[in-house]
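Read left to right, the sequence shown gives residues -27 to -1, 1 to 310 (mature numbering (1 follows the signal peptide of the UniProt record, and there is no 0)).
Simulated from the structure, these hints should not be mistaken for lab results.
Accuracy of the hints is not assured; some may be wrong.
Unchecked claim - Lysine-lysine pairs mimicking DSBU-like chemistry, simulated, CA-CA at most 35 angstroms apart:
(1) Lys14 - Lys99
(2) Lys99 - Lys18
(3) Lys270 - Lys18
(4) Lys294 - Lys62
(5) Lys60 - Lys294
(6) Lys270 - Lys14
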Amino acid sequence: MARRSAFEHVFILWFVLHIPITLLVDAQSVLPSHWFPSFAKQLVKWHVETNSDWLVGTNPLWFQSLICAELLFQLPCFVLLVIGLMKRKRWTRTLSIVYGIHAATTFIPITGEILFGRPMTPESIKLAAIYLPYLLMPAILALRMALFPYPDQSPLWQSTKDMVSKIVPSNTRPPSLLRRPFDLVYVLYFFSHVPITVLFDAQSIVPREVFPAWATGAMDWHARVNSDHLVQANPTWFVALVVCECLLQLPTFLVFVYAFMYQRSWVRIPAIIYGSHVTTTLVPILAEFLFNDHGPKIMAALVYSPWLLLPLILTIRMATKQYPDNLHTVKLQSKMI
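My request is simple: use the sequences and hints to build the entire structure.
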């Protein structure tokens, strides 16, 4: 077996250290206080007082939901990725991308709230700097695994192009879209998402005067009828997620439409990245609707639920199978994992 690289050593150490941090420190936001040793509780108290961490101090519901995601999803990933990196398993690549995008996304609303939720001060900048490694390290891991196969070091675009060119002629036409229900669903999903983002979601970050009256009226109606307090109050962490939708997601929608219409094999990794990111953004949003102090807002949760379910299904499908399905070769299966 080849010697492990510095990259592998760094992330093995990262995950090993992250396990006690999650269990002893972060978990205090959602688990009973008496479950933790006194030194761990004192450490959190010291951090809150020294670094003015008002998020940990106030522990809002949306923040608790991200800690739950850390405990239920990220913590098992820490163990699996330590094993995968130590043994250089091929499945490590896909899991690293899913984990990395998920973990980095959880820190977008956190960082946004710290920097812009209150007047910016040296203390808030210091606190954001403390959280920054927990955004950058997962993002670096996901980027490295997305651009390069693992453990092979050849560039993704080169190895995939060479591999697929030997299997699928460039002039091969895919079957009719009507005969491909999975692709059809996601063509419609991404195509419809363009006007939804531009005309409705963007109202959270762009002055409402630039939108047609019927679009602002529709948003007001939705917020009133479905009790969408997030659209009404527009909290900073929610705005941070909408900014990501407009700046990061929107440019990819028509690319995904093209890729699923013509069954482009290169869409697999971008789809995993997109699905992992969007699924994560819905965690705090749905938590606010389902577990707020004023009772669950079922209709609001149902309105948002397609943006949890469809990206989640897309992620699972692309993470567990080759794409498209008709590329049945052992070589493709082994290289794409």
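(message) To test your reading of the hints: which numbers does this structure violate?
(response) none
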